[in-house]
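K.L.:
For the protein sequence lines, the chains are A and B, in the order given.
Residue numbering for the first sequence follows our numbering, starting at 1 and increasing by one per position.
Residue numbering for the second sequence follows our numbering, starting at 1001 and increasing by one per position.
It is worth saying that the hints were derived from the structure and are not from the lab.
All residues carry an ideal CB built from backbone N, CA and C; glycine is no exception.
Fair warning: there could be bad hints in the mix.
[Claimed, not checked] Per the computed footprint, the stretches of chain A lying under chain B, defined by three or more beta-carbons under 8 angstroms from a beta-carbon of chain B, are:
1. 58-71
2. 133-146
3. 211-217
[Claimed, not checked] 35 angstroms max Cα-Cα, derived DSBU-like pairs, lysine-lysine:
4. B:1211 - A:114
5. B:1083 - A:2
6. A:114 - B:1119
7. B:1149 - B:1007
8. B:1211 - A:47
9. B:1114 - A:7
10. A:149 - B:1007
11. B:1047 - A:114
12. A:5 - B:1149
13. A:114 - B:1007
14. B:1267 - A:7
15. A:7 - B:1211
16. A:119 - B:1119
17. B:1211 - B:1267
18. B:1270 - A:7
19. A:83 - A:114
[Said to hold, decoys possible] Away from chain B, derived, C-beta distances all over 10 angstroms, residues of chain A:
20. 15
21. 47
22. 85
23. 112
24. 129
25. 154
26. 159
27. 167
28. 195
29. 207
2 protein chains.
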Amino acid sequence: MKLLKTKEDMSALADSWHSEHLRVALVPTMGFLHDGHLSLIRIAHQKADRVIVSVFVNPTQFAPNEDFASYPRNEAADRELCKKEGVHAVFIPDAGEIYEPDASIGFTESSLSKVLCGKTRPTHFQGVLLVVNKLFNITRADAAVFGMKDAQQLAIIRRMVRDLDMPVEIVPAPIVREADGLAMSSRNVYLSTTERKDALCLRQALDMAEKAWADGSTSAESLISDIRKMISAVSGAAIDYVEAVDADTLEAVSTLRSNTLVAIAVKIGKTRLIDNIVLN
Amino acid sequence: MKLLKTKEDMSALADSWHSEHLRVALVPTMGFLHDGHLSLIRIAHQKADRVIVSVFVNPTQFAPNEDFASYPRNEAADRELCKKEGVHAVFIPDAGEIYEPDASIGFTESSLSKVLCGKTRPTHFQGVLLVVNKLFNITRADAAVFGMKDAQQLAIIRRMVRDLDMPVEIVPAPIVREADGLAMSSRNVYLSTTERKDALCLRQALDMAEKAWADGSTSAESLISDIRKMISAVSGAAIDYVEAVDADTLEAVSTLRSNTLVAIAVKIGKTRLIDNIVLN
């Protein structure tokens, strides 16, 4: 496994693979890898001849009041996990390698980023688009794998690839959960023992949604109402949003249908967790 | 010479060239080709094994009050000229091929686009960035040639390539002029016989600038003042701007130095013309 620290080295390696007609897949991460990330790596192996994992806690997607400084990091463990998973290259740029001091190009997204997490994180997705666009270019990615837990991020990245005609296949990866159902997230380490139990309400609410859909319910309004009631009964949980939207356009639906994304964001103590399910 | 109408066909052809290890250069144009464009094509041939010319009058870089509808077009002549110049592929997308109806991704540029033409055309460069980014992706360009007449556009495209780590070499091409010195532009056809004569004041002003620099003048303020006086003496000419800036950062300079861009924009009747010189 190669360890690359600079954009130049990363691009040169990817170019050499392309010159041998090898297909390259990228798994972009912020590190502190867990089984969710490992599942992305395994999917990447199925999609390409060479797998790159990038590890970069991207400052431009954190607002000043968010957890950039405290975001968990463990580079040595990340490298070890990547090696075990047969990753061909890990790209871990130093701070300052990615952004020029006088950088002046940015992205706007006028539709998908205005709902769900975008309401409370108004600059987050601009930062995500910028870093992902750069990483696609630096790694010459032919494919890139994104977890479905970040359903809005997935929809927005797909939109960028479509609207900019980027030659990258976006591969969605199913949510990976702990044994008790909590969706894996690097931020789960923030949870105390009590909060860890409270956090199960997200999955329980989505189980209810899945069952209601299977039982023939079609009213988004009553489903959202039931979910809000269930989560509100947990004293340590504060709802940010509960929404039912089209998984591609993120437009609210009133009648549940196939490809409806039921997405929730809940604060458990100080930790904001998201989870979702796509009905089909 | 191949004629491509769809993004899909254009990308497939470029991919096939890349799989043969052929280097691809793009000359992006809005058509109505003149000798200036042909010089870009000849430079492209020096930079790559395969040359693509795109012909697309891009609506997103025109403001509602500008000349999108009346912009001169002559597709048959453009194709003939490209053929004569040994162009390998002409990409002429139909209207509607380039932009999805619900496109939502856009660009911002927070520095270089705020000066010079950006002051009177505040959305122009966002539109340029969007279409150029897409064309680079669609054509898989390894290199792209841009005329130095559009000096601000060149600086902003270079900034985009740097800030997004795009794997494209940006090649600047010297300004090509008519026998009497007028910089070639598709918009020159708008000029009446009288206006055509008045338009020579741009080049005359730049000749004066070059001479002043050669004679050892270093005051940007007095040079700008002299240029304004010279152009103001032409009754049919209305100055938009006369500026001396760094050619890369576009920041105003007070002392003329190497790499100073002396840029002027003048309305001759209803036609807005630009011209410039880089001191060295």
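K.L.:
Next, verify each hint and record whether it holds.
P.N.:
Outcome of the hint check:
Requiring three or more residues with a Cβ within less than 8 angstroms of a Cβ of chain B, the coverage given for the region 58-71 of chain A is violated, as only 0 such residues are present. Under a criterion of three residues with beta carbons nearer than 8 angstroms to beta carbons of chain B, the stated coverage of the region 133-146 of chain A is upheld, 5 such residues being counted. Counting residues of the region 211-217 of chain A whose CB lies closer than 8 angstroms to any CB of chain B gives 0, so the stated coverage by that chain is violated, three being the minimum. Note on residue 1211 (chain B) and residue 114 (chain A): the hinted pairing is violated, with a Cα-Cα distance of about 54 angstroms set against a maximum of 35 angstroms.
For the suggested pair residue 1083 (chain B) and residue 2 (chain A), the alpha carbons sit about 46 angstroms apart, so the restraint of at most 35 angstroms is broken. Using a Cα cut-off of 35 angstroms, the hinted pair residue 114 (chain A) and residue 1119 (chain B) holds, with the two alpha carbons roughly 29 angstroms apart. This hinted pair checks out: residue 1149 (chain B) and residue 1007 (chain B) have alpha carbons roughly 28 angstroms apart, not beyond 35 angstroms. Proposed proximity of residue 1211 (chain B) and residue 47 (chain A) is contradicted: the alpha carbons are some 61 angstroms apart, above 35 angstroms.
Taking the CA atoms of residue 1114 (chain B) and residue 7 (chain A), the gap is near 29 angstroms; set against the 35 angstroms cutoff, the hint holds. Restraint check for residue 149 (chain A) and residue 1007 (chain B): the C-alpha separation of about 32 angstroms stays at or below 35 angstroms, so the hint holds. Between residue 1047 (chain B) and residue 114 (chain A) the alpha-carbon distance is near 43 angstroms, which puts this suggested pair outside the 35 angstroms criterion. Under the criterion of a C-alpha separation no larger than 35 angstroms, the hint pairing residue 5 (chain A) with residue 1149 (chain B) is inconsistent with the structure, at around 38 angstroms.
Restraint check for residue 114 (chain A) and residue 1007 (chain B): the C-alpha separation of about 29 angstroms stays at or below 35 angstroms, so the hint holds. With a C-alpha separation of about 44 angstroms, the suggested pair residue 1267 (chain B) and residue 7 (chain A) falls outside the 35 angstroms cut-off, and the hint is violated. With a C-alpha separation of about 43 angstroms, the suggested pairing of residue 7 (chain A) with residue 1211 (chain B) is violated against the 35 angstroms cut-off. Between residue 119 (chain A) and residue 1119 (chain B) the alpha-carbon distance is near 31 angstroms, which keeps this suggested pair within the 35 angstroms criterion.
Proximity of residue 1211 (chain B) to residue 1267 (chain B) is assessed by CA-CA distance (about 24 angstroms); at most 35 angstroms being required, the pair is judged to hold. Our distance criterion of 35 angstroms between C-alpha atoms is broken by residue 1270 (chain B) and residue 7 (chain A), whose separation comes to about 47 angstroms. Taken as a hint, the residue 83 (chain A) and residue 114 (chain A) pair is broken in the structure, with Cα atoms around 38 angstroms apart against an allowance of 35 angstroms. Residue 15 (chain A), annotated as away from the interface, has a beta carbon of chain B within 10 angstroms; the closest lies near 8 angstroms.
Taking the minimum C-beta to C-beta distance to chain B, about 17 angstroms, the non-interface status of residue 47 (chain A) holds against the 10 angstroms cut. Once the 10 angstroms rule is applied to beta carbons, residue 85 (chain A) is consistent with being away from chain B; the minimum gap is 26 angstroms. Non-interface status of residue 112 (chain A) relative to chain B is broken: a Cβ of that chain comes within 10 angstroms, the nearest being about 6 angstroms off. For residue 129 (chain A), the non-interface assignment is contradicted: its Cβ lies about 7 angstroms from the closest Cβ of chain B, within the 10 angstroms cut-off.
Listed as outside the interface, residue 154 (chain A) is consistent with that label: its C-beta sits roughly 15 angstroms from the nearest C-beta of chain B, beyond the 10 angstroms cut-off. For residue 159 (chain A), the condition that its CB be more than 10 angstroms from all CB atoms of chain B is violated, with the nearest at approximately 6 angstroms. Its closest Cβ contact with chain B, about 6 angstroms, brings residue 167 (chain A) to no more than 10 angstroms, contrary to its assignment away from the interface. Against chain B, the non-interface label of residue 195 (chain A) holds: every CB pair exceeds 10 angstroms, the least being about 36 angstroms.
The beta carbon of residue 207 (chain A) sits about 33 angstroms from the closest Cβ of chain B, which is more than 10 angstroms, so the claim that it is off the interface holds.
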